[in-house]
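One line per chain: the protein sequences are A and B, in this order. Mapping of the first sequence onto our numbering: position 160 corresponds to residue 160, and the numbering continues sequentially without gaps. Mapping of the second sequence onto our numbering: position 1 corresponds to residue 1, and the numbering continues sequentially without gaps.
Treat the hints as calculated values from the structure; they're not laboratory data. On a predicted model such as this, the values are computed, not experimentally measured, just so you know. No residue lacks a Cβ here, since even glycine has one placed at the ideal position from N, Cα and C. Just so you know, not all the hints are guaranteed correct.
To be verified - Computed from the model, here is a short list of chain B residues facing chain A with C-beta under 8 angstroms:
no. : residue
1   : Leu111
2   : Leu117
3   : Val118
4   : Lys122
5   : Arg125
6   : Ile150
7   : Ala152
Number of protein chains: 2
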Amino acid sequence: MTTPSKPPVIPAIDADEKALAAPFLKCLIRLIRAQDTYGMWENKSDADLLGDFIVTKEQRREIPIIGDPDADVMWRFNIFYTAVGLSIEARTHLVASPITMISHEGFGRVLLTTGRLVVFSKTVRDVHRFGFATLSKLAEAGTKLVDDAIAAIEAYPEVARA
Amino acid sequence: MTTPSKPPVIPAIDADEKALAAPFLKCLIRLIRAQDTYGMWENKSDADLLGDFIVTKEQRREIPIIGDPDADVMWRFNIFYTAVGLSIEARTHLVASPITMISHEGFGRVLLTTGRLVVFSKTVRDVHRFGFATLSKLAEAGTKLVDDAIAAIEAYPEVARA
Numbered sequence: 001m002t003t004p005s006k007p008p009v010i011p012a013i014d015a016d017e018k019a020l021a022a023p024f025l026k027c028l029i030r031l032i033r034a035q036d037t038y039g040m041w042e043n044k045s046d047a048d049l050l051g052d053f054i055v056t057k058e059q060r061r062e063i064p065i066i067g068d069p070d071a072d073v074m075w076r077f078n079i080f081y082t083a084v085g086l087s088i089e090a091r092t093h094l095v096a097s098p099i100t101m102i103s104h105e106g107f108g109r110v111l112l113t114t115g116r117l118v119v120f121s122k123t124v125r126d127v128h129r130f131g132f133a134t135l136s137k138l139a140e141a142g143t144k145l146v147d148d149a150i151a152a153i154e155a156y157p158e159v160a161r162a
Numbered sequence: 001m002t003t004p005s006k007p008p009v010i011p012a013i014d015a016d017e018k019a020l021a022a023p024f025l026k027c028l029i030r031l032i033r034a035q036d037t038y039g040m041w042e043n044k045s046d047a048d049l050l051g052d053f054i055v056t057k058e059q060r061r062e063i064p065i066i067g068d069p070d071a072d073v074m075w076r077f078n079i080f081y082t083a084v085g086l087s088i089e090a091r092t093h094l095v096a097s098p099i100t101m102i103s104h105e106g107f108g109r110v111l112l113t114t115g116r117l118v119v120f121s122k123t124v125r126d127v128h129r130f131g132f133a134t135l136s137k138l139a140e141a142g143t144k145l146v147d148d149a150i151a152a153i154e155a156y157p158e159v160a161r162a
């Protein structure tokens, strides 16, 4: 039974808070903070640091996909897949190394391998627009990749350790 | 029984001729000639076209490993691994796609995958000096990679088709 005095739930913020508690986002945040050599981000919140990963539909449309992807977007792209690899390692104790091959036009492939097993393989395009609609979507996407990878490792345990 | 009139065998040339008949080198040559859009190499022999793949010990030492690897050496590096992939495909009917991640310092990784199987994985360095001492060494190196990859596919046939 809900009491009438309970404050109204704001779903967006609630979802974001929940997302920030997800192991995948915790891993991503840890990786980002590890690159904060001069302590410039010490006073920033986790949500602030992940802010640039959030690209709304409207923002996406405005990002041109001509020319080289921005260095910052490549940095976020790489750190996202590094976080996926690290999360896999945390849960399976198997090193999962990402390897990305992105052309100057923002088109390419991403692979994650453990041992002789390809746990994840994707053709990517429009890397210029790399981002997620909300923090929850970011957490979901990363968690799904980790879960799928672990399912692949469980399907072929021998190859993942070869 | 050898007849005294037989011309003396020159081992180096003999070995090169034999190397040029190797399926791997034939595949490599085919890939190189496929890029000859304007027919500029039509009058060049196979050995001529492969000439730049040959880097002797002395030449290796003279190539500086500072800065970006040359665009030409990157082209040869990529076409070599593409030829490995294509040779695997010719023998197993499984597509083997190379994926290379080379930093600006000529250090990186090369992977070849078929399905979910990593058939070849190597950390490379000093890509600036990519080359082989002789044509036979080039043929040998490529053939060995293809053989090893096929052995891996035979060891894990299910994963290679996943």
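Item checked: valine 118 of chain B as an interface hint toward chain A, with CB separation required under 8 angstroms -> Check passed: Cβ of valine 118 of chain B comes within 5 angstroms of chain A, closer than 8 angstroms.
Next item on the list: Double-check alanine 152 of chain B for me: the hint is only fine if its C-beta lies closer than 8 angstroms to a C-beta in chain A.
Entry: holds, 7 angstroms
Next item on the list: Return the status of the interface hint for leucine 117 of chain B: holds when the least beta-carbon distance to chain A is below 8 angstroms, violated otherwise.
Entry: holds, 6 angstroms
Item checked: Interface hint status, arginine 125 of chain B versus chain A (Cβ within 8 angstroms) -> Not OK, violated: arginine 125 of chain B not within 8 angstroms of chain A, min 16 angstroms.
Margin query: Quick check on isoleucine 150 of chain B please, does its C-beta sit within 8 angstroms of some C-beta on chain A?
Written below: violated, 14 angstroms
Notebook entry, point to check: Is the hint on lysine 122 of chain B kept, meaning its closest Cβ partner in chain A is under 8 angstroms away?
Noted result: violated, 12 angstroms
Margin query: Given a cut of 8 angstroms on the nearest C-beta pair, is the interface hint for leucine 111 of chain B held or broken against chain A?
Written below: holds, 6 angstroms
Violated hints, listed in ascending order, are 4, 5 and 6; each of the other numbered hints is respected by the structure.
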